[in-house]
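Q: Build out the structure end to end from the sequences listed, making use of the hints.
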Amino acid sequence: MKVLVAVKRVVDYNVKVRVKADGSGVDLANVKMSMNPFCEIAVEEAVRLKERGIATEIVAVSVGPAQAQEQLRTALALGADRALLIETDEELGSLAVAKLLKAVVDKEQPQLVITGKQAIDSDNNQTGQMLAALTGYAQGTFASKLELSGDKLKVVREIDGGLQTLELALPAIVTTDLRLNEPRYASLPNIMKAKKKPLETVTPADLGVSVASTLKTLKVEAPAERQAGIKVGSVAELVEKLKNEAKVI
Amino acid sequence: MAILVIAEHDNAVLAAATLNTVAAAQQIGGDLHVLVAGSGCSAVAESAAKIAGVAKVLVADDAAYAHLLAENVAPLIAGLAKGYSHVLAPASTNGKNYLPRVAALLDVEQISEIVAVESADTFKRPIYAGNAIATVQSSAPIKVISVRATAFDAAAGEGGSASIEALAGAGEAGTSSFVGEELAKSDRPELTSARVVISGGRGLQSGENFGLLYALADKLGAAVGASRAAVDAGFAPNDMQVGQTGKIVAPDLYIAVGISGAIQHLAGMKDSKVIVAINKDAEAPIFQVADYGLVADLFEVVPELEKQL
Ligand SMILES: Cc1cc2nc3c(=O)[nH]c(=O)nc-3n(C[C@H](O)[C@H](O)[C@H](O)COP(=O)(O)OP(=O)(O)OC[C@H]3O[C@@H](n4cnc5c(N)ncnc54)[C@H](O)[C@@H]3O)c2cc1C
Ligand SMILES: Nc1ncnc2c1ncn2[C@@H]1O[C@H](COP(=O)(O)O)[C@@H](O)[C@H]1O
Numbered sequence: 000m001k002v003l004v005a006v007k008r009v010v011d012y013n014v015k016v017r018v019k020a021d022g023s024g025v026d027l028a029n030v031k032m033s034m035n036p037f038c039e040i041a042v043e044e045a046v047r048l049k050e051r052g053i054a055t056e057i058v059a060v061s062v063g064p065a066q067a068q069e070q071l072r073t074a075l076a077l078g079a080d081r082a083l084l085i086e087t088d089e090e091l092g093s094l095a096v097a098k099l100l101k102a103v104v105d106k107e108q109p110q111l112v113i114t115g116k117q118a119i120d121s122d123n124n125q126t127g128q129m130l131a132a133l134t135g136y137a138q139g140t141f142a143s144k145l146e147l148s149g150d151k152l153k154v155v156r157e158i159d160g161g162l163q164t165l166e167l168a169l170p171a172i173v174t175t176d177l178r179l180n181e182p183r184y185a186s187l188p189n190i191m192k193a194k195k196k197p198l199e200t201v202t203p204a205d206l207g208v209s210v211a212s213t214l215k216t217l218k219v220e221a222p223a224e225r226q227a228g229i230k231v232g233s234v235a236e237l238v239e240k241l242k243n244e245a246k247v248i
Numbered sequence: 000m001a002i003l004v005i006a007e008h009d010n011a012v013l014a015a016a017t018l019n020t021v022a023a024a025q026q027i028g029g030d031l032h033v034l035v036a037g038s039g040c041s042a043v044a045e046s047a048a049k050i051a052g053v054a055k056v057l058v059a060d061d062a063a064y065a066h067l068l069a070e071n072v073a074p075l076i077a078g079l080a081k082g083y084s085h086v087l088a089p090a091s092t093n094g095k096n097y098l099p100r101v102a103a104l105l106d107v108e109q110i111s112e113i114v115a116v117e118s119a120d121t122f123k124r125p126i127y128a129g130n131a132i133a134t135v136q137s138s139a140p141i142k143v144i145s146v147r148a149t150a151f152d153a154a155a156g157e158g159g160s161a162s163i164e165a166l167a168g169a170g171e172a173g174t175s176s177f178v179g180e181e182l183a184k185s186d187r188p189e190l191t192s193a194r195v196v197i198s199g200g201r202g203l204q205s206g207e208n209f210g211l212l213y214a215l216a217d218k219l220g221a222a223v224g225a226s227r228a229a230v231d232a233g234f235a236p237n238d239m240q241v242g243q244t245g246k247i248v249a250p251d252l253y254i255a256v257g258i259s260g261a262i263q264h265l266a267g268m269k270d271s272k273v274i275v276a277i278n279k280d281a282e283a284p285i286f287q288v289a290d291y292g293l294v295a296d297l298f299e300v301v302p303e304l305e306k307q308l
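If you're matching them up, the sequences are chains A and B in order. Residues 0 to 248 (numbering that gives the first Met the number 0) are what the first sequence spells out, left to right. Residues 0 to 308 (numbering that gives the first Met the number 0) are what the second sequence spells out, left to right.
Derived from the structure by calculation, the hints contain no laboratory data. All C-beta atoms, glycine included, are put in the ideal place defined by N, C-alpha and C. Some clues are possibly wrong.
To be verified - Stretch by stretch, here's where chain B covers chain A in the computed footprint (C-beta under 8 angstroms, at least three residues):
#, stretch
1, 49-58
2, 152-165
3, 213-226
A: Rendered as structure tokens:
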């Protein structure tokens with residue numbers, strides 16, 4: 000079966016971003032960019048499905064600027080067969096991304112789409128669910144285990160109270176949680192090979208999708224800083240402070 | 000137009016996060032209706048009708064909604080939403096699952112995890128693991144919003160007397176089905192609403208050692224949480240993970256034990272009132288957000304702390 004994975008270029012998870020002084024956004028100049036960690040997990044899962052002989056072709060898709068080709072090349076080095084960049088310099092919301100992915104799904108007809116559960120820049124946690132709504136497919140969000148039997152997909156989901164197992168009819172959309180797998184690193188030979196794999200670029204207009212938004216960011220501020228605290232020298236001092244100063248126990 | 004709040008519950012009990020979500024809706028202003036979608040959930044509807052300020056409770060009691068499968072419940076909510084200005088749900092794993100599906104069915108963007116209401120169309124929400132707060136304005140005809148429960152003081156759960164109206168269910172979508180569930184059972188308070196939370200990290204070294212934290216928690220009536228590293232290592236189950244991609248907590252007292260304080264962890268707990276950190280590394284970033292830091296070996300001081308309480 001064909002598997003589509005959605006890959007977003009985001010600020011690297013180790014970077015502590017700074018807000019711009021004019022409140023217009025966060026400062027991304029000269030900041031390390033990477034594949035969203037949940038998308039790495041999505042790619043890894045697709046590659047494992049291929050290694051098990053279940054997936055026959057993996058198509059990686061990204062919506063973003065020309066530089067997002069880097070993350071698509073990474074996906075190709077990890078084992079995706081071909082890649083599609085939907086190029087735009089606009090920062091699109093999850094609904095617009097979902098509509099663009101829907102256009103790709105219509106064309107590619109994958110049996111399974113794997114997205115991350117959340118992009119660590121917007122922290123939206125929306126795109127996979129929205130794509131499921133637009134396609135009418137079943138959704139297995141926050142997945143920590145996938146098991147395919149026939150034309151059914153069993154998904155173990157991480158939920159507030161523990162774990163839930165659902166059975167989805169294919170085609171379906173899955174969003175990855177942290178425990179689904181541990182992504183591998185791309186090897187040097189695979190990075191070299193990835194340079195020769197096909198990477199196509201289209202625009203939202205080519206796909207006939209309107210990316211107009213109803214959401215406007217008015218400003219971006221730094222969060223309230225916590226007052227620096229104190230170090231206590233002993234357990235007795237800690238207990239005393241919690242009882243008499245903080246009055247929380 | 001009125002505001003629709005989607006109740007969080009397990010078919011038996013109304014979850015506290017519903018009250019925080021109602022509080023956010025009250026800040027927007029307008030008539031308030033609550034939807035209880037579930038199966039055998041009449042007790043939940045009765046609790047919802049008692050929430051102060053709620054005018055009407057809609058109950059869709061149908062086997063199709065027993066587990067709030069998004070494929071089944073999203074069309075129901077989207078159908079109702081057309082009569083409302085706003086649809087709000089808690090940013091629980093349930094809300095995060097069905098609400099974006101509702102938004103897309105309505106062809107509107109969702110505003111995720113708001114932490115403040117500025118006006119009926121303008122909201123604040125954290126981005127980049129809480130390292131920035133965005134103020135966003137929506138021109139969508141129906142505003143679909145998930146609410147970070149810890150950012151809003153709960154509405155009163157008593158004192159209201161809303162009418163209860165039964166709705167016909169929309170049935171099964173037929174694309175997904177519930178197989179089973181493994182729910183953590185605990186006599187301790189629920190993590191996201193506990194007054195005191197004690198969390199353990201990789202420093203605990205094993206699942207057995209988490210026993211030290213459970214003993215301390217039982218003394219304090221606390222819930223126990225964990226860092227991702229502790230969950231990944233199998234020291235604690237996934238539902239205990241606190242952080243950007245786990246649970247968001249803001250208790251009166253948060254005690255971080257053997258946790259370094261990565262930004263992804265801080266994102267889930269830095270709005271706690273008082274933070275205590277116990278770590279043997281004086282340079283650990285967790286001390287930058289701690290009100291009281293104790294640089295020590297946790298295996299010595301945690302048992303001692305338990306004794307002294
Ligand atoms: C996409 C993504 C999402 C993530 N989401 C989350 C999330 O939601 N929540 C989360 O927590 N993390 C999350 N992380 C992981 C995060 O980046 C850190 O790796 C993790 O929080 C580290 O956990 P830790 O502090 O327990 O482990 P470590 O960083 O290894 O720290 C262990 C600490 O224990 C101390 N220690 C060791 N032994 C002792 C002792 N005997 N006594 C006292 N102190 C001791 C050490 O000094 C050290 O500071 C995420 C990461 C990514 C990439
Ligand atoms: N611009 C994008 N390009 C490709 N995939 C995306 C993009 N935005 C979001 N996604 C996918 O949707 C997931 C969740 O993102 P979000 O809903 O924005 O939090 C990500 O992990 C990606 O798999």
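Q: For every hint, state whether the structure bears it out.
A: Going down the list of hints, with the structure as the test:
1. 49-58: Violated, because only 0 residues of the stretch 49-58 of chain A bring their Cβ atoms closer than 8 angstroms to Cβ atoms of chain B.
2. 152-165: Holds: 11 residues of the stretch 152-165 of chain A have a Cβ under 8 angstroms from chain B.
3. 213-226: holds (count 12)
Violated hints amount to a single one, hint 1; each of the other numbered hints is respected by the structure.
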